[in-house]
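Residue numbers (the working numbering), protein chains in the order written: chain F, 211 to 511; chain X, 844 to 1168; chain C, 16 to 332.
No wet-lab data here; the hints were simulated from the structure. Errors might be hidden in some of the hints.
When the alpha-carbon atoms are kept at most 30 Å apart in a straight line, the in silico DSS-like pairs for lysine-lysine are as follows [stated by the list, open to error]: (1) X/K1079 <-> C/K120; (2) C/K145 <-> X/K1074; (3) X/K1079 <-> C/K137; (4) C/K208 <-> C/K149; (5) C/K212 <-> C/K137; (6) X/K1074 <-> C/K120; (7) C/K48 <-> C/K208; (8) C/K120 <-> C/K208; (9) C/K137 <-> X/K1074.
Spelled out from the first residue to the last, the chains are:
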Amino acid sequence: MRRFLESDFLYDFLRAPVAIISFCVVSILVLSAIFAQFIAPTNPFDPASLELMNGFTPPMEPNMYTGEVFLLGTDDQGRDLFSAILYGLRISLFVGLMAVSLAMTMGVILGLIAGYVGGWLDNLIMRLADIQMTFPSILIAMLIFGVARGLLPPELRYEMAITVLIISIGLSEWVPFARTVRGSTMVEKEKEYIAAAQLIGLKKWQIMIRHILPNVLGPVLVIATITFALAIIAEATLSFLGVGAPRTEPSLGTLIRVGQDFLFSGEWWILLFPALTLLALALAVNLLGDWLRDTLNPRLK
Amino acid sequence: MLVIIFRRLGQSILVLFLVALISFLIFRYVGNPVDNLMGQEATLAQRAALEEALGLNDPFYKQYFSFVWNALNFDFGNSYRGALPVSDLIASRLPATIELALTSAIFALFFGVITGIYTAIRRGGYLANIILSTSLIGVSLPTFLIGVLLIWLFAVELKWLPSFGRGDVIQLGWWSTGFLTLSGIKSLILPSITLGLYQLTLIMRLTRSEMLEVMRQDYVRFAKALGLSPKQVNYKHALPNTLVPVVTIAGLQLGSIVAFAIVTETVFQWPGVGLLFINAVYFVDIPVMSAYLLLVGVLFVIINLFVDLLYLAIDPRLRDSNSSE
Amino acid sequence: MEENLLEVRNISVTFKSRYGVLKALDNLSLNVKKGEILGLVGESGAGKSMTGAAILGLIDPPGRLSSGEIYFKGKSISNAPEAVRGHEISMIFQDPLMSLNPLRKIGDQLVETILTHMNISKSEAIKRAKNGLKEVGIDPSRLNSYPHTFSGGMRQRVVIALALAPEPSLIIADEPTTALDVSVQAQILDLLKKLCKDRGTSIILVTHDMGVIAETTDRVGVLYAGRLAEIGDTRDVLTDPKHPYTRGLVDSTPRIDSNSFKKSLFQIPGSMPKLDAMPSGCAFHPRCEFATEICRKKIPQILLDRSACWLLNDGEL
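Full structure from sequences and hints, please.
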C-alpha cells in the first residue's frame, strides 16, 4: 500500500485534472448503477408498477392526470426516466464488464498458448487474429449476433439477447489481449526460471498458468481498461440499432433509440437525459483509459 | 519486388475464399431455407422437391462452388422478406452508401491531416490545445450518439438541416445521386459529419503523433543543423515521412467507414446498404446478411491489398527484399 | 594571441523536472581555435552531446540554455543560432542510418543543402555534389541512390559530405564512429582529419573513446556530470593528467604494452552521479581518493587554465 502511495503513478494521477475528474465521474456512475435499487424511486422493469397515464410527463412538472412529479420525466409508457437510466446504466456496465472478461480470458489463454507452445498452433492463432483484425470489431460483433440469432429458435431470441450480446462483443475484442500476451510470453519463455520449471518436470499448462501468466499481466490491465470503454460503446451502439438489449431490459443505448422517436413530437427529455448520461460515461472511461495508457507507456518516459 | 506483389495477391485470394466460405456457411446452415421459403404447412414431398431444386442435397464442395459462381454472377438468391432478388436490393441502395462514405472520407482526410499538421508544428500553442481537447470528445463518443445529438441541435432546435432521408435524388442510369440537388446536399451534411467525425479525430491524432515522432528523428535534426529553413525541414523532410503511415492507416479506416455507415444510416434513416443489413439482422433475413457480408469482406480485402501496394510504391526501402543493413 | 574561432562562456543548460531544476551543463567554458581539433570526452550523460547541441541551438525541450554566451568569429550567436547553421558551423550525428532521410535520394539531399547556402544554379550544385562525393571516397554516380543501399561506413561518408557541402568553418562531430565497425572507424576518422586539415576547418570531436582522443585531437576537454573537469593539449592531459577523474579515465583504458598484462584492469569505484542527486561541492569528490574538506564544500572552477580541482591550488597532484 505504501509503495502505491509513494509511486510515480499516484504522483502523476494527482497532477492530472483530467484523470481525477474522469475517475470521479466513472466512480459516481458505477456506484449509482450498483446501488440502483436503493437510489431509484421506482423499478422501471416491473410492469405492474407502470401507470400508463404517467406517460410523457416533462421533467419536474406534475403530471396532468396523476399529479406525480418525476425528476427527469417519463417515457411513453410511464416509466420514470431517472430510474430507467439507473437501471440502464447497470445493464450497460454489466454487459461491458462481462464482455471484457470474456475477451480477456479468451485472449490471454490463446496468447499464452501461441507464445509458449509455438509451432503451427501459433501460426493458426495469429492468422486468425490477422484476419479478424482486418474487419472492424463492430462488424464482427454484428455478424456473430446475427448468426447467433439465426441459430436460436424464435422463442429464445428475446431471452438470450443479453447473453448473445455479451458473447458477440467479447468475441470481437480478444485479439489485442492475445497479441500482447503472446509477445510477453515469448520473451518470458527464454528466461531461466522457466527453464528451471521445465527441469523440475512441470507440465506445460502448469508453467503457463503459474509462472508465465503473473509476469505478463501488466499490459493486459491497460488493454482491459481500453477494451472496457470500447465494449460499452459497442453495446450502446448495438442496442441503439435494435439488435442489443431489448426494451424490457433496456440499456442506455436502447433508451436513446426509444428517445429518438419522440424528438420531433417535443418530448426531448426522453432522448436527452439518457444521451447525456452515456456521453458522460463514454467520455470519462475513454479519458481515463487514454491517460492510463499514456502514463504506463515506458516508451514515452 | 514482383515476388512481393505476387505473394500479397496470393494471400488476398486465400482470404477471399475464406470470406466466401463463411458467407456460404451462414447462407446454407443458419436457419432453414426451406422453412423460410415454404412455411409450416408444406408437405414432406413439397419440401423434398424444393430441397432438390435448391441443390441442398448436393455434396458440400459442389454447393460451395455454385455459391461462389453465383456470387461472381451477382446472383445472391432472394430475400426472405418479399422474395426480391438480393442483388437488386443491394444495387438500388449501394449508391446512397457510397456517396455518403465518400463524402465522409474526404471530409475526414482533408480536415484530419490539416489539423494534425497544425497541432504538431504549433505544439503547445493555444489553438492547438483547444483542438486537441475537442478531438478527445470525437474519439470517445459512439457514432450514433454524435448523430443523435447533431439531429437534436441542427434539425430540431435550430431547424437548419433535415433530420432523415436523402432528400431529392436524380437518377443517372443505374445510379441515383444526391449530389445534384440542394435538398440532396443538405441531407448529406449531418450524416457525413457524423460518419466522418470519428475518422477525422483518428487521422488528426495519427498525423500529429507521426509528425512529432518524425520531427524528433535524427535526419530532421540533421537537416536543421545543416541550416535548412523551418519550412524546408517541415514540409520537405518531415511531412512526406509522416504521410506514409498516415495514408496507410487512413486507407484501412475506409473499411471502418463502411461498417459505421450501418450506424449512421440507421440514425438518419439513410436508404443505403447498411440500413438494409441491420434490418436483415433484425428480421433474420439470411440471404441478405450473407450477401452483405460477402461484399463487405471482398471490399476489405481489396482495400487492404491496395494499401499494401501503395506502401510499396511510396517507401523505397520496402522494394528490395534484401537491402543492406 | 590568435583570436578564437568559437568562444563558449559560462553556459548552463537546465531543464525542469519533478525533482526541481536540473543542470545538464553547469557553467561551462571552452574555446576552439581556427584549424584545431578539440576533443570532448566523458561518460554517457556527462554532457558532451549537450555541449554540441547548445552551440547550434538544437537543445530538445524542455531543456534550455539558461545562462552564458556563445561567440563565433567574435559575434554572439547564443540568441540566433539559426544564422550560423550549415555554412559556419555544421554537425554530424552518431547514427548515419538515422541521419539521412530514408525516402530521398542522397543526391537530392546534397543538392538541397548546397542550394540553401549558395546562390548558384542547379547544375552547378549537382557538379559540386558529385565532387563532394568524390572527396569522401564515394562513386559520384551514386547520387541517385537511396540511403539504405549503402553500408554503415559509406553512409557516414555521405553524412560527412553533407556536412562539408556548405563549407563551414567548424564541424561538431558527435560520436561519429561509435556506431561503426572498428575497422571502419579508423578510415572515417582519417577522412575527417584530412578533409579538415585541407580546408582549415576546426572540429569539435565528441567521444567516449580515449583511444580516438589520443589519435585524433590536438586539445581535449574532459566532462563530468555536466561540468568541465580538465582541458588542455591532448598530449599533456593524457600523459600527465591534472584531475583525479582524468587520471582514472587514462588508467582504466586498456593498453597493449608489457606492463599492463600483469595488472588487472583499473576501474574508478562508484559511478557518475545522476543530475537529480548531485553531491555538494566538487561532483567527483565521493569517488576521489584525494578529497578534502574544501572539495566537499565548494564547486571548483578551472584553475591555471587546466583543471577544476582544488588540489591544483597547491600545485601538485
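Evaluation of the provided hints:
Taking the CA atoms of X/K1079 and C/K120, the gap is near 13 Å; set against the 30 Å cutoff, the hint holds. Simply put, C/K145 and X/K1074 have alpha-carbon atoms about 26 Å apart, close enough for the 30 Å limit, and the pair holds. Under the criterion of a C-alpha separation no larger than 30 Å, the hint pairing X/K1079 with C/K137 is consistent with the structure, at around 17 Å. About 16 Å separates the Cα atoms of C/K208 and C/K149, which keeps this hinted pair within 30 Å; it holds.
Between C/K212 and C/K137, the direct Cα distance comes to roughly 29 Å. Compliance with the 30 Å bound is thereby established for this hinted pair. Note on X/K1074 and C/K120: the hinted pairing holds, with a Cα-Cα distance of about 20 Å set against a maximum of 30 Å. Distance restraint check for C/K48 and C/K208: the Cα-Cα separation of roughly 15 Å lies within the 30 Å cut-off, and the hinted pair is therefore satisfied. A threshold of 30 Å between alpha carbons decides the hint, and for C/K120 with C/K208 the separation of about 27 Å falls inside it, so the pair holds.
Taken as a hint, the C/K137 and X/K1074 pair is honoured in the structure, with Cα atoms around 20 Å apart against an allowance of 30 Å.
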